[in-house]
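**Q** Using UniProt numbering, you'd call the opening residue of the sequence shown number 1 and step up by one each time.
Quick caveat, the hints were computed from the structure, so don't treat them as lab data.
No experiment lies behind these values; they were computed from the predicted model shown.
From the three backbone atoms N, C-alpha and C, an ideal C-beta is built for every residue, glycine too.
It cannot be assumed that every hint is accurate.
[Stated by the list, open to error] Cut-off 30 Å, straight-line C-alpha distance, at most; resulting in silico cross-link-like pairs (DSS-like, lysine-lysine):
(1) K65 / K137
(2) K24 / K65
(3) K137 / K24
(4) K133 / K150
(5) K78 / K65
(6) K78 / K19
(7) K35 / K137
(8) K77 / K137
(9) K150 / K78
(10) K150 / K137
(11) K77 / K35
(12) K150 / K19
(13) K78 / K35
(14) K150 / K130
[Stated by the list, open to error] Ranges between beta-carbon positions, derived for each pair:
(15) P113 / P45: 38 to 48 Å
(16) V142 / I40: 15 to 25 Å
(17) G64 / E116: 39 to 49 Å
(18) E51 / K19: 36 to 46 Å
(19) G42 / F80: 29 to 39 Å
(20) H29 / T121: 16 to 26 Å
(21) T115 / Y83: 29 to 39 Å
(22) T115 / D85: 35 to 45 Å
(23) I38 / R86: 31 to 41 Å
(24) E114 / P50: 16 to 26 Å
(25) R63 / A149: 20 to 30 Å
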Amino acid sequence: MMEQDLMQYELEEDTQRGKYLTFKLVNEHYGIEIKYVIEIIGLQPITIVPELPDYMQGIINLRGKIIPVMDVRLRFKKPFREYNDRTCVIVVDIEDITIGLIVDSVSEVLEIPETEIVSPTELNKGYSSKYIKGIGKSGGDVKLILDCAKLIAEQDIASLSMNP
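Build the full structure now, drawing on both the sequences and the hints.
**A** Right, dumping it as structure tokens:
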């Protein structure tokens, strides 16, 4: 049974390889590996938690589970923008930590072959490049592919680990 589970997991990994959920922040297009995405939800009421970094907006109650939410715009030091009906929360699981990423809007799931992804060091764009794992080319567009592990600082996780 264990070997069968492993084979099923590897099969799922293969079907997700090269697929990215794309979303928009300001006028930039980003991608996040689909394997991290649990679901996409509309904006929920956010409970403010004192003494968190500005980009950590607080927590939401998602079907009984408390999930911290981060405004990706603020994480990238972009100006805050009022949330609207296009604002979404991408719920991701990164290294067994569930967190909601608030983005301006979600676009689509794209397949971007590894051959169409270049290293961000080739751009060297300063402040936000530490969160960028690669630059994906899709048709005539460019998508900045996020490094999910670097997006979430360990101190944020420690301050938000409220679930036993």
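**Q** Enumerate the violated hints, using their earlier numbering and listing them in ascending order.
**A** Failing hints, ascending: 1, 19, 23 and 24.
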